[in-house]
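Number of protein chains: 2
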Amino acid sequence: MKSAIKELEEKGKAAKAASKKLAFLSTEIKNKALLNVADALVTKQDEILAANKVDYGEAKASGMNEAMLDRLMLSEDRLESMSQDTRTVAVLPDPVGEIIEMKTLPNGLQIGKKRVPLGVIGAIYESRPNVTIDISSLCLKSGNAVVLRGGREAVNSNTALAKVAQEACYRAGVPQGAIQFIESTERVLVNRMLRMKGIIDLIIPRGGAGLIKLVSENAAMPVVTGGIGVCHTYVDKSADLNKAVAIAYNAKVQRPTVCNALDCLLVHSQVAPNYLPSIAKEWAKAGVEMHCDERALAILKANNVILNEVKNLLVPAEDEDWGKEYLSLKAAIKVVDSLDEALEHIETYGSGHSEAIVTEDYSAAMRFLNEVDAACVYANASTRFTDGAQFGLGAELGISTQKFHARGPMALKELTSYKWIIFGSGQIRP
Amino acid sequence: MKSAIKELEEKGKAAKAASKKLAFLSTEIKNKALLNVADALVTKQDEILAANKVDYGEAKASGMNEAMLDRLMLSEDRLESMSQDTRTVAVLPDPVGEIIEMKTLPNGLQIGKKRVPLGVIGAIYESRPNVTIDISSLCLKSGNAVVLRGGREAVNSNTALAKVAQEACYRAGVPQGAIQFIESTERVLVNRMLRMKGIIDLIIPRGGAGLIKLVSENAAMPVVTGGIGVCHTYVDKSADLNKAVAIAYNAKVQRPTVCNALDCLLVHSQVAPNYLPSIAKEWAKAGVEMHCDERALAILKANNVILNEVKNLLVPAEDEDWGKEYLSLKAAIKVVDSLDEALEHIETYGSGHSEAIVTEDYSAAMRFLNEVDAACVYANASTRFTDGAQFGLGAELGISTQKFHARGPMALKELTSYKWIIFGSGQIRP
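Protein chains in written order, with my numbering: chain R, 1 to 430; chain E, 1 to 430.
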């Protein structure tokens, strides 16, 4: 264990040293490295998939649930998709060196902000091995070194991926040490990482609520937390109900294991009798278990047409269903009497991630967009869009649900700071 | 003491409640409130100055040093200047609601970022009572509530100023509770404030190194630290020596008690024999004590012309002079043999605040601006310009020396976050 801690500290110092060079690395070399990584994800897929198979087999044998298994699994398609994401990062503009807000002051000083990397990013993540590549490529492009600490359950996959990324990068001329991967799965290393202030400039936890709590309560350096998404979709009395069915279906079913999936459907009482049977019928086809409040339950039970299809999937909601992140084919349903009630429910139970209204009422849409306090607020669209790639940012490093530094999908710009640069000609302060 | 803690917690909750309304307060009311404050700083100057006189008298009697006494002192001029700064904030654009980076995605989603307040700002500050007004006005304009905790030595001044600000704001229609001032000077309250995560969204310490360390190590919520300025001015071998004298003189003498004042002068060995006697002569007139390395000392002692004027002010530098923030009429002087040596010295001893080069060499200037890792990096200007008002930001809440969220002078924009708003027309994720 001592040697694992020592190794962590050495890797941290090596990352710090590399970060000083990385800050000035040319865009050309960074892009070449990213294209190398993209290629290697395909050419080395056999060894990556073999490593992933070991992780998957062990996880399955240990009784890991389906949601987690889905996150863990790699395939040719998923590697191809990771490769494409890496190419996307390569073609994105380099954020480092960008000069913003340059202006000339009345005294002739020319002053502006120049974007610079943060330094060393620490990433502590669970399960999804693609995070190893996502974070490495975003850190590289933004001129940051990275210390990666993946979950125990994906250690073989992550080790293989990190090795592929390191080799591909260093071959392109990236300074040695820029990508550090901690192979030891000793839990104590996480605590040690969180104390490495001065070495690690920012910690990003990606994983379940337990990990995020641990990191945000114990990190000595800044943290960007997020990833917990208790997402509501509110179907207003003026909703286009066809859109509302399509949106709620998509938000729940298209990929139920992720943080931007729908957890709770709020339905205005005036449209609930029409709407609920329609969405329930669609959800039932996909096997969505519906945790309904009393009024929703009464409406669905009273509707004979769809009763047979959905009845086995209806569950009376309990208190803990409100504010719950299911990460599976389950959803809570609540009937509300007004937009105000919906807003209040979201303020009470939302996690500040992604919230949506479906309405054709202009003022209701504008009020929702204005008043809901969340990273991403939608009118008439699925919350599943909350994603760096979908937002046009390339890949993504995580979704921040905090207000400080960055909010929502984090990508390149969110991994930078700036410095003020001032061109003078002898000015002194009067 | 218990009642003081209870009062703090109640004020925190009241600020939180007010912050929900403040987020939607019209620019018109906020500006009216700021103009009211500006007026009241002048019309109520008698009671403010009377309160300040009590603080000043007690501080002087207790043996407070000149630098601190200068920071504590208010005068008609300083109140007038605070009043002007408040008017400046009133005319600045309202950052809240600003929509940035709005774009239409290929699928028709219209997506952008909308600026929102952070919530409740906690300010813990020492000595300078103008901070009470600076922070209150910036928080108000940016839609944030504020909990103010000033230093014991300025408690009468701060109480008077906070009362003036509260009355002036509430009269304009600002929600009650938006400006909270903690009158008790119990030290335990600082620790309690630092644990109020969920109530206070951001803590800003302004004061000495001890306070900043205490806050950054113990705060449960994000912190913006700064204010410690170990500032270097490097006179390059290609410097215009007249400019270099004017800049170094201004940076040290114009207001020696503040964080952007010069602490260490680095001089290239090729120009040191010409330059050092000139700047030493000027500094000597102002009474600057010069802590010189061996080479600088030798040059100055060998120069007979200025010997009589400066000899009493020459002190051999000791190790602790490098990296020291003097906050007084003292400066360290070191002769270096290259730009590289200057860069290395600054990296080792700088505090990441403000650093300057004086040179006519284009490449040297560009290298310095590019490579020095500090909040504000200058070519051919005095570091004294590092200031929100000087940078055209209105007043300032502090100078951040961290890279996360905000760096350099913090004003309105730095007190906001954003949310993503998405206008859809039924989009679902494929």
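Some clues are possibly wrong.
Copies of the same chain are indistinguishable here, so a pair counts whether it falls within one copy or spans any two.
Here are the simulated DSS-like cross-link-like pairs (lysine-lysine), alpha carbons at most 25 angstroms apart as the crow flies [what the hints assert, rightly or not]:
id, residue 1, residue 2
1, K2, K32
2, K103, K113
3, K32, K330
4, K44, K311
5, K324, K197
6, K103, K114
Don't read these hints as lab results, they were simulated from the structure.
Structure versus earlier hints, numbers of those that do not hold, lowest first: 1, 3, 4
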